[in-house]
Amino acid sequence: MYAWLFHLLPGPTWFRWILTLVGLAAVVFVLMEYVYPWVAEFGFFSDATMDVE
Amino acid sequence: MSYAGSRPPSRRQRRATPKRRPPRPTFLGVIGELLITAGLFVLLFVVWELYWTNLGANREAQAHRDTIVENFDAQHDAGFDGSGPDPSVPADVTTGDPWGMLYVPRFGSDYSVPVLDGTGTEIDSAVLGRYDSSPRPGEDGNLALAGHRQTYGAVLWDMDQLQDGDRLYLQTANGWWVYETRQVHIVQPTDVGVLAPNPTDPISAEPAGQWLTLTTCHPPYTVLERMITHAELVEFVPVNDGAPDEIADTVPEQLFEEN
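As they're listed, the protein sequences go chains A and B.
Here the first sequence is numbered in my numbering, starting from 1 and rising by one per residue.
Here the second sequence is numbered in my numbering, starting from 1 and rising by one per residue.
Excised from the complex, chain A in its bound form:
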């Protein structure tokens, strides 16, 4: 699938690699800043507080 997507990118090979890296960086950024903080709120990995209530 990724080989196929890579093939669909426009431009010469070096330009496709740049596009790929930019895309990867964007995905990692969205995960780190938005998705993971949201997941962490469920507290299955780190919870320092007592279960009050």
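Treat the hints with care, as some may be off.
As the list claims (entries may be wrong) - Pairwise CB distance ranges, derived in the manner of DEER restraints:
id, chain 1, residue 1, chain 2, residue 2, range
1, B, ASP73, A, PHE29, 22 to 28 Å
2, B, ASP132, A, ARG16, 52 to 58 Å
3, A, VAL22, B, ASP164, 52 to 58 Å
4, A, TYR34, B, LEU35, 21 to 27 Å
5, A, ARG16, B, PRO252, 48 to 54 Å
6, A, VAL22, B, PHE27, 26 to 32 Å
7, B, GLY82, A, VAL28, 49 to 55 Å
8, A, VAL27, B, ASP191, 39 to 45 Å
9, B, LEU34, A, LEU19, 17 to 23 Å
10, B, ARG182, A, VAL28, 45 to 51 Å
11, B, ARG59, A, LEU21, 23 to 29 Å
12, B, SER109, A, PHE29, 34 to 40 Å
No lab work stands behind these hints: they were computed from the structure.
Owing to the predicted nature of the structure, the values given are computational and were not obtained by experimental measurement.
Backbone N, C-alpha and C fix where the C-beta goes; we use that ideal spot for every residue, glycine too.
We have chain A already, so just place chain B on it with the hints.
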């Protein structure tokens, strides 16, 4: 010219020939690659939790320290001698500015952590958060603080190193509340007796003395249990008397000025 077709293709011709296309993705191929991607996302989550959260947390904690330095001077009440609730600390748990700093020499000579109110996302920044049920320093009862063990600055990573008798110094604008460790133990997350007004006798609702309780997760990297420290108040040192010897080098210069 007649033999042109049998010549090897020139550079230009080679470039012009279309690239070999990758085979069309198959259904199973797509599923497989998505599963590999999901696995990488999970690994990246671990990186985020153990590394990324600490970066941001330490930045935010530094901002809290700056706030404390800014506010302490105005909040200082020179007439307060340690009898009764500390007036520089909010009576009820609100979510606002940090109101204190905790120093624990056992955790290192540079250990100073801002203390503020709230145990939700408030503690996601290398700070300790006060539980809703907690009184002010100087009030009878059990002042409980929560802090993370291995994420968001990992402020209580070393809790297992604490020994009975180790001192904890909680600084407010008015001075240092000095507590001595009495017990470090491991409990179930549901064992809320550790937050009771008298942690040594959780059944009774009556406070007995002034306690400081710290809670964090245990074992590290899990949420299965909680590690708890109970410490009892032994003295109050007003700001004007200067920082206690044990933490004299740890207290930031700006919080050490005599008023």
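Can you name, in rising order, the numbers of the hints this structure does not satisfy?
Hint 1 alone not satisfied by this model.
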